[in-house]
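Student: One letter stands for each residue in the lines below.
Protein chains: 2
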Amino acid sequence: MNPFRFQNPTVLYYGKGQIEENLVPEVKKYASKVLLVYGGGSINRSGLYDKIQSLLIGAGVEILELAGVEPNPRLTTVQKGINICRSEGVELVLAVGGGSVLDCSKAIALGTKYNGEVWDIYSKKVRPEEALPLGTILTLAATGSEMNAGGVITNWETKEKLGGGSPAAFPKFSICDAENTYTVPKDQTIYGICDMLAHSFEHYFHPTEHTALQRRLIESVISTVIEYAPKVLANPEDYQARETIMYCSTMALNGMISMGVQGDWACHAMEHEISAIYDIPHGGGLAVLFPHWMDYVMDANPSRFAQLGERVFGVSRDGKSDREMAEATIAKVREFYRSIGAPERLADYDIGDESLQTMAAQSVRYSDIGQFKKLNADDVLSILKASL
Amino acid sequence: MNPFRFQNPTVLYYGKGQIEENLVPEVKKYASKVLLVYGGGSINRSGLYDKIQSLLIGAGVEILELAGVEPNPRLTTVQKGINICRSEGVELVLAVGGGSVLDCSKAIALGTKYNGEVWDIYSKKVRPEEALPLGTILTLAATGSEMNAGGVITNWETKEKLGGGSPAAFPKFSICDAENTYTVPKDQTIYGICDMLAHSFEHYFHPTEHTALQRRLIESVISTVIEYAPKVLANPEDYQARETIMYCSTMALNGMISMGVQGDWACHAMEHEISAIYDIPHGGGLAVLFPHWMDYVMDANPSRFAQLGERVFGVSRDGKSDREMAEATIAKVREFYRSIGAPERLADYDIGDESLQTMAAQSVRYSDIGQFKKLNADDVLSILKASL
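In order, the protein sequence lines correspond to chains A and B. First residue of the first sequence? That's 1 in the working numbering, and the numbers climb one at a time after it. First residue of the second sequence? That's 1 in the working numbering, and the numbers climb one at a time after it.
Do not rely on the hints blindly, as some may be mistaken.
Stated by the list, open to error - Straight line, CA to CA, 30 Å or less: simulated DSBU-like cross-link-like pairs of lysine-lysine:
(1) Lys113(A) / Lys28(B)
(2) Lys28(A) / Lys125(B)
(3) Lys374(A) / Lys28(B)
(4) Lys29(A) / Lys113(B)
(5) Lys320(B) / Lys332(B)
(6) Lys320(B) / Lys320(A)
(7) Lys125(A) / Lys28(B)
(8) Lys80(A) / Lys51(A)
(9) Lys385(A) / Lys373(A)
(10) Lys29(B) / Lys28(A)
(11) Lys16(B) / Lys51(B)
(12) Lys29(A) / Lys124(B)
(13) Lys113(A) / Lys29(B)
(14) Lys374(B) / Lys16(A)
(15) Lys374(B) / Lys332(B)
(16) Lys125(B) / Lys124(A)
(17) Lys231(A) / Lys320(B)
(18) Lys320(A) / Lys231(B)
(19) Lys16(A) / Lys124(B)
(20) Lys16(A) / Lys33(A)
(21) Lys28(B) / Lys29(A)
(22) Lys51(B) / Lys29(B)
(23) Lys373(B) / Lys16(A)
(24) Lys16(B) / Lys373(A)
(25) Lys28(A) / Lys124(B)
(26) Lys159(A) / Lys231(A)
(27) Lys124(A) / Lys29(B)
(28) Lys125(B) / Lys29(A)
(29) Lys28(A) / Lys113(B)
(30) Lys186(A) / Lys332(A)
(31) Lys29(A) / Lys29(B)
(32) Lys125(A) / Lys29(B)
(33) Lys16(B) / Lys124(A)
(34) Lys33(B) / Lys51(B)
Stated by the list, open to error - Okay, the calculated beta carbon distance ranges per label pair:
(35) Pro207(A) / Glu354(B): 52 to 62 Å
(36) Lys113(B) / Glu117(A): 36 to 46 Å
(37) Asp120(A) / Ser32(B): 31 to 41 Å
(38) Glu117(A) / Gly40(B): 51 to 61 Å
(39) Glu20(B) / Glu117(A): 30 to 40 Å
(40) Pro3(B) / Gly47(A): 12 to 22 Å
Because the hints were derived from the structure by calculation, they are not lab data. Built from N, CA and C at the ideal position, the CB exists for glycine as well.
Whole structure, please, built from the sequences with the hints as guidance.
Tutor: Structure follows, in structure tokens:
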């Protein structure tokens, strides 16, 4: 494995009733004035908004609000939040929602303490060392943002969607009660599953040698996602299935299964370019890209695919070569995506070939992408064409 | 799974050269005066002692020493350390060694800040909220103490060996360079392997439902230990094998594979009673007890054993009942212990039946032990007799 430094200081709560028990004591460690950040009205409909308001007001906590955070959260919304925090003396950002709300809130927490333009953090000009304290209440199993220090923000002015972060941005606490995911619509549930699976794949496909335990840990997450995805889709109010899927999403991107591993992240880089132009759901874009990326890169190390196939997808060796195993594994990956109703082509989002060149060029503007196999603009273009 | 709160704030460094790079900056965050705690002379022989001295002295850090920490570290040694810390104004405890040195150092860190007798913490009279900062440099892959907040201390006056801790006792940082384990003798290497395997088993055997991911994560650790144990024994200077085994030991007891699971811990409770009287190596005692405990408890849930057998030990179903699968799995566990040269019977430590009653009674003095199956004094006696 690679030498590594690991730390994840987030306090993680899982289970029914954890909001009632822990929200107020956690908030009061940091703040008497919070910015409550959320998305559309789903937390109003579910009653979660009222519950949080009543708990915090009952504890004498003053609440300011930033509502309407969009999927693929926008720089302009982040800037709005920063302005509120600065002008009102907010002491903690409380994110209630899924990855978009959490990522937006992280950017607000970082940006409030950064003496400059917050986009500098995402365009990698600075790596801030301070942030406002951030707490989260998760309502969508997908991104793992509840237990990591990164996030993705879209700048519509420059048509850029960039990931960034800083150790200062780890949530101080995150509360995950799977009952709050019962009302997540089917398509969002599917996108969430695609997203956590993508994070697992990104960690799994890398050139780092001597990572036997890490690979098995990642296989554990993938196997469990595959086992529980049909359950959660069949019965959205199956608490155990919702909780298991939520827990997979947290573990897929909190760093605990990928210490000492340099993940690939080419599909994420490509997907960001697609969303930056077409504003499609992140998880959907990843589901489209991954099988085509797999086709394109498998020859870099077919045995990695063979191992995934054998251990996770039940592909039996039966005298197959590693390459044949890899092909059979990728077929199983496609079969799984299809079985849960994930999109298969860019055409599913009405995306044609009009911007492929731009997206390919943009995705490698800092450097070639990927670790399992380095991809240049031509490689990316080939993968995007195959995904049309 | 059970509702849970999880936090592990330790900064973990893995890899060659991490001491040179990170020891001084980490120490200087907390202290200009440290207590260096270590065991026998192995760190002198390996050159690690000189390296640490030279780095710290070069950085103007004042060093006091507590040498000679024994395996199964003693309360009297802890008290000695506390006295030094208090009288000399030590600001950080730096543990260099294996689990015994680390556990002793944790107790010193906690006891220095506790206004009372440190044994209160282990006899569960208090749960302290403060500790001196603690840093560790690991030289033996076994206990996971480098990334958790617990430890075990032996009180020879009362013949008690008790575990205790507090979130305040998480190491601030732990540096794990597997080169520092090259010189660990074969028997200690074996005991370490038995210990990390025991921690995995303790987490695996529990009655908590809906823990699909947790079980797979634990199976990952067990599979990797079984794969790498022979390599590390065959070639003690195989860096990759030593590092992988070390990483398994950290992951087996840092809480990351067992969130929301109530582990069993009966074998640990029994082993502590054996060591409290006979002062045998902890890992050796666990290797003796586990197969006999497994025989005794398997009927509580044979399917758990069957799953372990199928996924980890390659036991094939072939029409076997869960009970037959469980028996075949336990046979494989025995076979593994034997293959690495672990002890099989208490007789291997010249322990006869003279104190079995005392040990059985002592092991349940606070309550029945175990979660997978609750054990009373008679149950414990049966397991101890079978282990003779």
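Student: Each of the hints needs a verdict: does it hold here or not?
Tutor: Each hint, compared with the structure:
1. Lys113(A) / Lys28(B): The given pair, whose Cα atoms are some 26 Å apart, holds under the 30 Å limit.
2. Lys28(A) / Lys125(B): It holds: about 28 Å lies between the C-alpha atoms, which stays within 30 Å.
3. Lys374(A) / Lys28(B): 40 Å, violated
4. Lys29(A) / Lys113(B): 22 Å, holds
5. Lys320(B) / Lys332(B): It holds: about 15 Å lies between the C-alpha atoms, which stays within 30 Å.
6. Lys320(B) / Lys320(A): 29 Å, holds
7. Lys125(A) / Lys28(B): 28 Å, holds
8. Lys80(A) / Lys51(A): Roughly 25 Å separates the two Cα atoms, so the pair holds.
9. Lys385(A) / Lys373(A): Since the Cα atoms of Lys385(A) and Lys373(A) sit roughly 18 Å apart, the hinted pair holds (cutoff 30 Å).
10. Lys29(B) / Lys28(A): The hint holds at about 27 Å.
11. Lys16(B) / Lys51(B): 14 Å, holds
12. Lys29(A) / Lys124(B): 27 Å, holds
13. Lys113(A) / Lys29(B): Cα-Cα ~22 Å, so holds.
14. Lys374(B) / Lys16(A): 26 Å, holds
15. Lys374(B) / Lys332(B): Holds, at about 24 Å.
16. Lys125(B) / Lys124(A): 51 Å, violated
17. Lys231(A) / Lys320(B): 28 Å, holds
18. Lys320(A) / Lys231(B): Holds, at roughly 28 Å.
19. Lys16(A) / Lys124(B): 29 Å, holds
20. Lys16(A) / Lys33(A): The given pair, whose Cα atoms are some 26 Å apart, holds under the 30 Å limit.
21. Lys28(B) / Lys29(A): 27 Å, holds
22. Lys51(B) / Lys29(B): Holds, at about 20 Å.
23. Lys373(B) / Lys16(A): Holds - the C-alpha atoms of Lys16(A) and Lys373(B) are around 26 Å apart, at most 30 Å.
24. Lys16(B) / Lys373(A): This hinted pair holds, its Cα atoms lying about 26 Å apart.
25. Lys28(A) / Lys124(B): 29 Å, holds
26. Lys159(A) / Lys231(A): 38 Å, violated
27. Lys124(A) / Lys29(B): Status holds; Cα separation ~27 Å.
28. Lys125(B) / Lys29(A): It holds: about 26 Å lies between the C-alpha atoms, which stays within 30 Å.
29. Lys28(A) / Lys113(B): Holds, at about 26 Å.
30. Lys186(A) / Lys332(A): 22 Å, holds
31. Lys29(A) / Lys29(B): 23 Å, holds
32. Lys125(A) / Lys29(B): Distance of about 26 Å is within 30 Å: holds.
33. Lys16(B) / Lys124(A): 29 Å, holds
34. Lys33(B) / Lys51(B): Answer holds: Lys33(B) to Lys51(B) is near 17 Å, not above 30 Å.
35. Pro207(A) / Glu354(B): 52 to 62 Å: Check passed, 58 Å falls within 52 to 62 Å.
36. Lys113(B) / Glu117(A): 36 to 46 Å: With Cβ atoms ~44 Å apart, the hint holds.
37. Asp120(A) / Ser32(B): 31 to 41 Å: The hinted range 31 to 41 Å holds for Asp120(A) and Ser32(B), with Cβ atoms some 36 Å apart.
38. Glu117(A) / Gly40(B): 51 to 61 Å: Given range 51 to 61 Å: holds, Cβ gap about 58 Å.
39. Glu20(B) / Glu117(A): 30 to 40 Å: Holds: the Cβ-Cβ distance is about 38 Å, inside 30 to 40 Å.
40. Pro3(B) / Gly47(A): 12 to 22 Å: 20 Å, holds
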